[in-house]
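Novice: Residue-level listing of the chains:
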Amino acid sequence: GAGVSQSPSNKVTEKGKDVELRCDPISGHTALYWYRQSLGQGLEFLIYFQGNSAPDKSGLPSDRFSAERTGGSVSTLTIQRTQQEDSAVYLCASYQGASGIQYFGAGTRLSVL
Amino acid sequence: GNSVTQMEGPVTLSEEAFLTINCTYTATGYPSLFWYVQYPGEGLQLLLKATKADDKGSNKGFEATYRKETTSFHLEKGSVQVSDSAVYFCALRNKAAGNKLTFGGGTRVLVKP
Numbered sequence: 066g067a068g069v070s071q072s073p074s075n076k077v078t079e080k081g082k083d084v085e086l087r088c089d090p091i092s093g094h095t096a097l098y099w100y101r102q103s104l105g106q107g108l109e110f111l112i113y114f115q116g117n118s119a120p121d122k123s124g125l126p127s128d129r130f131s132a133e134r135t136g137g138s139v140s141t142l143t144i145q146r147t148q149q150e151d152s153a154v155y156l157c158a159s160y161q162g163a164s165g166i167q168y169f170g171a172g173t174r175l176s177v178l
Numbered sequence: 010g011n012s013v014t015q016m017e018g019p020v021t022l023s024e025e026a027f028l029t030i031n032c033t034y035t036a037t038g039y040p041s042l043f044w045y046v047q048y049p050g051e052g053l054q055l056l057l058k059a060t061k062a063d064d065k066g067s068n069k070g071f072e073a074t075y076r077k078e079t080t081s082f083h084l085e086k087g088s089v090q091v092s093d094s095a096v097y098f099c100a101l102r103n104k105a106a107g108n109k110l111t112f113g114g115g116t117r118v119l120v121k122p
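Line by line, the protein sequences are chains A and B.
Take 66 as the starting number for the first sequence in my numbering and just add one per residue.
Take 10 as the starting number for the second sequence in my numbering and just add one per residue.
Keep in mind the hints are simulated off the structure, nothing from the lab.
Keep in mind it's a predicted model, so treat the numbers as computed, not measured.
Among the hints, a few may not be true.
Stated by the list, open to error - Some but not every residue of chain A turned toward chain B, in silico, with C-beta under 10 Å:
no., residue
1, V69
2, Y113
3, F169
To be verified - Here are a few chain B residues that sit away from chain A, every Cβ distance over 10 Å (derived from the structure):
no., residue
4, N31
5, S41
6, L53
7, E72
8, K77
9, T111
10, L119
11, V120
Think of the CB as a built atom: it goes at the ideal place given N, C-alpha and C, for glycine as much as any other residue.
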């Protein structure tokens, strides 16, 4: 596609449930990032995939968070046993080194009740 | 580590007024600097960037100059329009940190007719 696509755009879930958020990056972009935008914490890095290298998971807030990237393209961010503090907008970005620019999707707004 | 500090908002202006949003950073090495904009209900969009000292990024009438001596990247626009109402984020990217973006807290700008 022309841009980074994220789904769903909105997700409402109950505390304790698991959720999966999907990101489809720009074709040909080798790097993919997940960020979280929340009222209290601003925009924070979660995890980064670059080609076939091991992901940089240094920003994941707890072991309830995990992500995978299949076939070097689509990525899924999974949050297990969701808590109310997980409510935020989850942003995905893909990056192609030549331009030095990260392109962002519209985000998934997660609300944990 | 890397950090970005930008002025808190909201900033309220009248149309055709001059806008400045201050941004300072702390980083090791030579980061690239960015301004991203988030219009109401939309995702993050790159506004402009600068990759080395004294570079000036510009787009849509906005400008920012990479000042290494003052570790700053202030955003300016000479005459704002109502359509410039948005949240503006200053960010840096450092290869030593895996190219992930470190964001400032964002500044909400409201332009009144």
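Novice: Please confirm whether S41(B) is truly not at the interface, meaning its C-beta sits more than 10 Å away from all C-beta atoms of chain A.
Specialist: Check fails; 6 Å does not lie beyond 10 Å.
Novice: Taking the shortest Cβ-to-Cβ distance between L119(B) and chain A, state whether it exceeds 10 Å.
Specialist: Non-interface label on L119(B) holds, nearest chain A Cβ at 18 Å vs cutoff 10 Å.
Novice: Taking the shortest Cβ-to-Cβ distance between T111(B) and chain A, state whether it exceeds 10 Å.
Specialist: violated (7 Å)
Novice: Non-interface claim for E72(B): all C-beta distances to chain A beyond 10 Å?
Specialist: holds (18 Å)
Novice: Just want to verify: L53(B) was marked as not at the interface with chain A; is every Cβ pair farther apart than 10 Å?
Specialist: violated (4 Å)
Novice: Examine each Cβ of chain A, and state whether all of them lie more than 10 Å from the Cβ of N31(B).
Specialist: Check passes; 16 Å lies beyond 10 Å.
Novice: Just double-check V120(B) for me: nearest Cβ-Cβ distance to chain A has to come out over 10 Å.
Specialist: It holds; V120(B) is separated from chain A by about 22 Å at its closest Cβ, greater than 10 Å.
Novice: Let me know if the C-beta of V69(A) comes in closer than 10 Å to any C-beta of chain B, holds or violated.
Specialist: It holds, given that the least Cβ distance between V69(A) and chain B is near 8 Å, below 10 Å.
Novice: Does the no-contact call for K77(B) survive, Cβ to all of chain A over 10 Å?
Specialist: holds (18 Å)
Novice: Interface hint check: Y113(A), Cβ to nearest Cβ on chain B, cutoff 10 Å. Holds or violated?
Specialist: At 5 Å from the nearest chain B Cβ, Y113(A) passes the 10 Å test, so the hint holds.
Novice: Regarding the hint that F169(A) lies at the interface with chain B, is the smallest CB-CB distance below 10 Å?
Specialist: With Cβ-Cβ at 4 Å, under 10 Å, it holds.
Violated hints for the displayed structure, listed by number in ascending order: 5, 6, 9.
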